[in-house]
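Asker: The residues making up each chain are set out below.
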Amino acid sequence: KNEVEQSPQNLTAQEGEFITINCSYSVGISALHWLQQHPGGGIVSLFMLSSGKKKHGRLIATINIQEKHSSLHITASHPRDSAVYICAVRSGETSGSRLTFGEGTQLTVNP
Amino acid sequence: DTEVTQTPKHLVMGMTNKKSLKCEQHMGHRAMYWYKQKAKKPPELMFVYSYEKLSINESVPSRFSPECPNSSLLNLHLHALQPEDSALYLCASSQDWGLLGQFFGPGTRLTVL
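Residue numbers (the numbering used here), protein chains in the order written: chain A, 1 to 111; chain B, 1 to 113.
A portion of the hints provided could be inaccurate.
Unchecked claim - Some chain B residues flagged as far from chain A (calculated, every beta-carbon gap over 12 Å):
hint, residue
1, V12
2, N17
3, K19
4, K22
5, K41
6, S65
7, P106
8, L113
Claimed, not checked - In the EDC-like style, the derived pairs of lysine to aspartate or glutamate whose C-alpha atoms are separated by at most 20 Å in a straight line are:
hint, chain 1, residue 1, chain 2, residue 2
9, B, K41, A, E5
10, B, K40, A, E5
11, B, K38, A, E103
12, B, K41, A, E17
13, B, K38, A, E5
14, B, K9, B, D85
15, B, K40, A, E15
16, B, K18, B, D85
17, B, K41, B, D96
18, B, K40, A, E17
19, B, K40, A, E67
Stated by the list, open to error - Not close to chain B: a few residues of chain A, all C-beta gaps over 10 Å, as computed:
hint, residue
20, Q14
21, V27
22, H33
23, S45
24, M48
25, L59
26, R80
27, D81
28, E103
No wet-lab data here; the hints were simulated from the structure.
Ideal Cβ positions, reconstructed from N, Cα and C, are used throughout, including at glycine.
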């Protein structure tokens with residue numbers, strides 16, 4: 001069992017739909033990242049969370065530390081949101097902590 | 001300037017070639033990272049430099065040789081690679097190792113023939 005699990009692996013939506021991607025982890029963490037990777041490779045850091053909820057434009061990220069679970073929501077989805085969304089957790093505060101990545105969720109938003 | 005740049009974007013090399021990948025950031029970050037990413041897989045950490053010193057080598061074969069000439073630059077020297085080394089190589093940086101979020105570069109897509 002991976003330390004970081006995402007669901008679903010693949011998600012197809014129609015433009016305008018509300019989208020949720022889930023991330024569960026099994027280790028103690030100091031922070032959780034949501035990353036976006038477009039075809040061609042570049043990774044963009046969307047959010048870094050250690051508690052609660054963050055919002056940026058149409059994106060919302062939440063985390064429940066007790067349940068070891070985070071969700072990424074996209075409201076009013078658009079074809080340009082099509083990308084791989086990756087959850088990554090940081091397991092320590094001190095020097096030496098590393099990111100452990102989930103397998104990613106491939107999102108396709110059709111017009 | 002809040003970006004990490006990588007050159008080249010694409011590289012095709014033979015198994016006997018020697019080439020280098022370059023990464024640069026001007027955010028004053030003191031930690032820099034090399035990741036390898038195969039298709040449809042998450043990135044795998046290869047090396048971490050902290051304050052220009054190699055801090056982590058994740059048992060990477062010696063045909064990959066990292067170098068950090070100064071706090072803004074990170075190189076990855078390649079020699080005698082194998083076709084299975086073909087992948088996307090991502091560079092990232094952060095203010096300090098483990099404390100803040102990592103900024104990723106666009107990657108170099110490497111093909112080894």
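Asker: Against each hint, give a clear statement of whether it holds in the structure.
Answerer: Quick rundown of the hints versus the structure:
Its beta-carbon lying about 16 Å from the closest one in chain A, V12(B) satisfies the requirement of being farther than 12 Å from that chain. For N17(B), the condition that its CB be more than 12 Å from all CB atoms of chain A holds, with the nearest at approximately 22 Å. No beta-carbon of chain A comes within 12 Å of the beta-carbon of K19(B); the shortest separation is about 18 Å. No Cβ of chain A approaches the Cβ of K22(B) within 12 Å, the least distance being about 16 Å, so the stated non-interface status holds.
A beta-carbon of chain A comes within 12 Å of the beta-carbon of K41(B); the shortest separation is about 7 Å. No beta-carbon of chain A comes within 12 Å of the beta-carbon of S65(B); the shortest separation is about 21 Å. The non-interface label for P106(B) is inconsistent with chain A: the shortest C-beta to C-beta separation is roughly 4 Å, within 12 Å. L113(B), annotated as away from the interface, keeps every beta carbon of chain A farther than 12 Å; the closest lies near 20 Å.
In summary, the hint linking K41(B) to E5(A) is supported, as the alpha carbons are separated by about 13 Å, within the 20 Å threshold. Restraint check for K40(B) and E5(A): satisfied, since their Cα atoms lie roughly 15 Å apart, inside the 20 Å limit. For the given pair, K38(B) sits about 11 Å from E103(A) by alpha-carbon distance, which is consistent with the 20 Å threshold. Between the alpha carbons of K41(B) and E17(A) the distance comes to roughly 27 Å, so the proposed pair goes past 20 Å and is violated.
For the suggested pair K38(B) and E5(A), the alpha carbons sit about 18 Å apart, so the restraint of at most 20 Å is met. For the given pair, K9(B) sits about 16 Å from D85(B) by alpha-carbon distance, which is consistent with the 20 Å threshold. The straight-line distance between the Cα atoms of K40(B) and E15(A) is roughly 24 Å, outside the 20 Å bound, and the hint therefore fails. Note on K18(B) and D85(B): the hinted pairing holds, with a Cα-Cα distance of about 14 Å set against a maximum of 20 Å.
For a cut-off of 20 Å, the pair hint linking K41(B) to D96(B) is broken: about 26 Å separates their Cα positions. At most 20 Å may separate the alpha-carbon atoms for a hinted pair to count; K40(B) and E17(A) exceed this at roughly 25 Å. Distance check on the hinted pair: K40(B) and E67(A) sit about 28 Å apart at the alpha-carbon level, beyond 20 Å; violated. At roughly 24 Å, the least C-beta separation between Q14(A) and chain B is larger than 10 Å, which holds for a residue marked as non-interface.
Distance check on V27(A): its Cβ is at least 15 Å (rounded) from any Cβ of chain B, clearing the 10 Å threshold; non-interface status holds. For H33(A), the condition that its CB be more than 10 Å from all CB atoms of chain B is violated, with the nearest at approximately 6 Å. With a closest Cβ-Cβ approach of about 5 Å to chain B, S45(A) is found to fall inside the 10 Å limit, against its non-interface label. The beta carbon of M48(A) sits about 4 Å from the closest Cβ of chain B, which is not more than 10 Å, so the claim that it is off the interface is violated.
At the 10 Å boundary, the C-beta of L59(A) stays outside the reach of chain B, the nearest C-beta of that chain being 15 Å off. Once the 10 Å rule is applied to beta carbons, R80(A) is consistent with being away from chain B; the minimum gap is 17 Å. No Cβ of chain B comes within 10 Å of the Cβ of D81(A); the nearest lies about 18 Å off, and the non-interface call holds. Its closest Cβ contact with chain B, about 6 Å, brings E103(A) to no more than 10 Å, contrary to its assignment away from the interface.
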